[in-house]
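As a plain string of letters, each chain reads:
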Amino acid sequence: MVTPISPERAVKGIPTISSAAINPQGTAIVFVRTKADADGKKPESQIWLCDVDGGNQRQLTQAGKANAEPVWSPDGSAIAFVTTREGDQPNAIALLSLGGGESKLLTNHLLRPGDLQWSPDGSIIAYTVPVDPDNPEEKPRDPDADAPVRITSRADYKQDGLGYINDVRNQIFLLDVATEERRQLTSAKHGHLRSRWSPDGKTLYSVIPNRGGITSRFALIDVESGDTELFGAEEGAIGLGSWSPDGSTIFLSGDENTDFHSDYYLFDVATKSMNSIVRDVEFTAHGFVFFPGAPVWLSDTSVLVTGSSRGKSGLWTIGVTTGSLDEVGLWEASSVGTSTSNNRDIVVQTTNSNHGYAGIATITIATGERTVLWNELEEFLTESPVALWELVSVERNGFTIEGWLYKPADFDETKTYPIVLDIHGGPQGAYGYDFNIFAQVSATNGYLTLLSNPRGSTDYGRAFATAAIGDWGVEDWADLEAILDSVVARPYVDAALSGVYGYSYGGYMTSWAIGQTNRFKAAVCGAPVFNLISMYGSSDLGYHFLKHQIGGTPWTNFEDYIKHSPSTYVHNVTTPTLIVCGEADDRCPIGQAEEMFTSLLALGVESEFARYPGGAHPFIATGPYTHRIDFLERYLAWFGKYLGANT
Amino acid sequence: MSHIITADRAVYDLPVIGSPRVSPDGKTVAFIRTVVDRASGKYDAQIWLYTFDTATRRQLTQPGSTHSEPAWSPGGEELAFVASGEGDHSHAICRMVVASGETSVLTRGEKKPASLTWSPDGETLAYSVLIDPANPDETPVDKDAPKAVRVTRRIDYKQDGFGYLDNVRNQIVLLQVGTGERRHLTKDSVDHLLPAWSPDGNSIVVQLPNRNGMLSRCGVIDVATGAIETYGAADGEVDVAFFSPDGSRLFVSADEHGGPHLSGYVIDLRTGAMTMVLNDPEFLIDSATASPASPVWLNDSTVLISATLHGESGLWKVDVDGCNVTQVGLWQAGHGELSLPDDLTFAIQSTNTLGGTVGLVRIDLATGEKSLLFNDAEDFYAKTPAALWEKCPVERDGVIVDAWLIKPADFDDSGSYPLIINIHGGPHGSFGFATNLHAEIMSSRGYLVLLVNPRGSTTYGSAYANAVKHDWGGTDWADLEAVLDSVVARPYVDPDRTGAYGYSYGGYMTSWILGQTDRFKAVVCGAPVFDLESFFGTSDIGHVFGTEQHGGTPWDVREAMFERSPSSHIHKATTPTLIVHGEADERCPIGQGEQMFISLLKVGCETEFVRYPGGYHGFTRLGEPVHRIDYYDRTIAWFDRFLMADAGR
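Sequence lines, in order, name chains G and U. Here the first sequence is numbered in the working numbering, starting from 25 and rising by one per residue. Here the second sequence is numbered in the working numbering, starting from -17 and rising by one per residue.
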């Protein structure tokens, strides 16, 4: 018998690689490696450097445990990065000269800066940092003082992961690298993300997130005066933009209606007009908050973009004058980034895959040839092998519904196994070919684990991504049942031992599913959306998200809010259910889980409620080790009790 | 305008007098005087002693700790009390020899003990204290480690004021006065409150609340074995219970269905029979939790109770065998708590009243004569006179709806005043003759403040209190409007400058009002119940209270809950509304305020949302002083902006 991946190893034992960036000369790659610190209590991030072929790896930073976001100076002689040290203003921007010597702290802040961008001439670093207009001096709060009263009159007064923010927003600062003087460029009551310098260094492009970041526009900001002009649809979403080499246009991805499927546009700076270049591509553009990877101008007429299609990660080139779209490559992996050197011959991405590897990949743009420089998971998977999987699919109502059936590493088709249906968040999210820690733990501990992309998922085109809008829980749930039915029919699946798990929209769907069917012997429901009416007013983005997803407001579309709320069907539930939720979740607030738990207990349904103090919405991925391990152990224990794989 | 009672003064300069305990010989009264220390901004509660002979009072304990729960030893030489400081194990149970002031610490703990009670032989103190079965030794937690995951399977896993509890519940602990040795008498993970000894010292009677205190029974515990015998209906309420002098019976105030109005019962401990001796009185028997006033047996067949009738405080003698009730006295005042000396000839109560009294009263039980021992608010109201008041009841549907109109101390009936209707919580709460700080503050600034007891209010009998069940926002809102209409018709009320204020159920009602009328120019809505369905699942008491008040769960009576939810009518709101809410409120959780705030913004209604970090449901009365001041100031500013702007003030 092979060793399953334990929750503790899954959480602490897997190093992650992020922020890979190739130097302008194309000879070296800088990246961040994060792994458990020496006493195994917290993650530690350090900046590393390797040759472009992955050789000669060496650690560049030693001080501090949170070094991140390395960016090359335009001449490739130095790296700026963000770091955390001790002190009253512990968050700093540091500069490391590759010529040798210690890194130098350039400027300090109370809160953590990010989005470092060198000006074209290398004299200035633009960055963003949260600014509190009530505390411009960035004084640390007296821990003994009463917490200040919170007064707001704005709808976006809180945001998951940040908590109560009111007018605290990311503002752009300009840091003079030589003098170490800084100046605050913006002070509007909206945030700023991912600034990009115009080639002449006079203007910054910046994404302007609104409504908790679910919508965004973009701004052009005059570097001298700070004068700002906003563009883009008020309720649309704008991705990362990229200035053309001559500075006359900006290539960007965007979405006019918050429908989670972007098109590509060319913005003409002189005429301030947006011109559609390519519409309705079959892949989901990267370049939003979660998947950085800005478009790259390969020439005056061609742009390289990254995205994902049917769970695969890909690169494409777009002809900005012709509107042509050509695939560079599409790989069974989850990859992030579009770092290129000055001569634009290769792209560097961080990558991970359910084939059992993770690390850095280089892709030759001309040929699509891809090399994974090393496997960061090699040591980890030597001790406990990667889960097996196969791609499964069903046809339903004109769509192909795909899924990945994960199996124990020592899967034996002559035996029978319990099965867990694992439902992703969103609904406009997607599963894919990534190295999914939750699926790995579930499958290697004895559960067939089915991850599927029902309609509403991204990665399958606009019609598919928008199919769940106005229809939550109906056709998408039918898709999930159809693919589950097709797998459960297999001889090695014990149909009587099936469970369901989901988090966020997956939690919505889990709480929905157990009100629709009693087929599941157990459910694990994470951070659910349970009651759409209370969700509307208590989630950080409820008032906007549900307006688009359900329609209108609870008072204009009451029947729709009732029809699609799991709470409406909760009296049908008999499935023993574990509910998990972070207590500081502002996305799917714990009130949703409380409503569900109270209802289940009042109905006499067996239920357990695990609350994670301080946990924001993504705590199962980014929270303290102890909480993440607890979650995975609790998942295994709950399914173990009712489905019994691990007993 | 002179004589303004600022929020700062109201919070800092007005003392609170409570926990009076007459010494067994009847010569002195120990009590707690609480003020807010200006330097630290923290509450400072000290034990004082009033001496009848000299009519003087002196402080017994010293600053540095706050004090509570004074309890005389049976012989009357010593006081036991709780002293609470800072740091680990910050709560100490102390004993003081009153004559010398010599004080010793008997034991220390992490949680604050309550209801210290001496055994009849003076050797043991019983008390209740929160015990975590996962950490019975109260080992301090590692503050640097991530907080422990909270895993629960019980519906009453949290409670307002305490937050997450799971199996943490009040247990009865016995403390040997001589040795300081402690023994945990109870272990079941339910609350055990208000211990009282049997005359022979062999038993202790306790209240056993469940469902976060919405329901309760009582239990008699055998001190030797810890075995417990329970009494009372499973879905009912038993408030306080006390042994008769011969130890054979218990008097309890109780209701088979959970109140809000309780009847009097006697439990015969030999037969277990529970017999009603006081059937559905019109007065509301003071409860152990809201205004701790324990019934007292005057002899083996007579019980003295403190109760409130139509907002007035009174004492009654109940003949538990003849089932007669005799009034000792009824006063236009707020009285609380009840303490008698060994000879049972008089009673001491704490008092605070409209018109500016804070102190202790002595009531002679033979004559019903009441005397004020002292008024600790004399200085306060000398500088800023208390508001004037008049009763202004209205008859509607054949029922008298009681009300008070609070007026500025310098009221002039030729003037024209803005008016604020202040709506009480509950719905089973009531206004009365007790001091109303909000009304004092607002009237001192030139507002008329209207206090109404609409249907649903207590102190008018159970039929009146229960009239609001299944009818929230119906007949009670009609009652409120009827009284309001009658007062607004008066020449000195400016009908164009009216506002509404309410907290808790008053917050329900103000948010309800927003969808019913545009008559108000401004609303301040505190800790509202806004959406009855989400309240059911998120409030600590929603699963009991929601069902009891609306006739079922959301899946049983969804239409009715929807119809009576302010959220269903909020799109009609136009009145500028300030929402104030404690972020740690588990009774009316902040999600209610959040839903309301977002709704008002989306319908284009002017609104501001004020959140108090760490604030529980009672924060406006007992929370951080700076938060209380902020809360009052913000309320003042909101009403001033919309009701005073045109008045040239």
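One should not assume that every hint holds.
[Stated by the list, open to error] Below, a list of computed lysine-lysine pairs in the BS3-like style, where the Cα atoms sit at most 30 angstroms apart:
no., chain 1, residue 1, chain 2, residue 2
1, G, 439, G, 571
2, G, 89, U, 125
3, G, 163, U, 554
4, U, 24, G, 587
5, U, 129, G, 59
6, U, 24, G, 36
7, U, 554, G, 587
[To be verified] Some chain U residues close to chain G (C-beta under 8 angstroms, calculated; not the full set):
no., residue
8, 20
9, 24
10, 28
11, 133
12, 513
13, 520
14, 553
15, 556
16, 586
17, 618
18, 619
19, 622
[Stated by the list, open to error] Okay, the calculated beta carbon distance ranges per label pair:
no., chain 1, residue 1, chain 2, residue 2, range
20, G, 628, U, 183, 54 to 60 angstroms
21, G, 64, U, 17, 47 to 53 angstroms
22, G, 161, U, 81, 55 to 61 angstroms
23, U, 379, G, 502, 50 to 56 angstroms
Honestly, the hints are just simulated from the structure, not real lab data. Each residue gets a CB set at the ideal place from its N, CA and C atoms; glycine is no exception.
Q: Just pull the numbers of the violated hints for me, sorted ascending.
A: Hints 1, 3, 4, 6, 8, 9, 10, 15, 16, 17, 18, 19, 20 not satisfied by this model.
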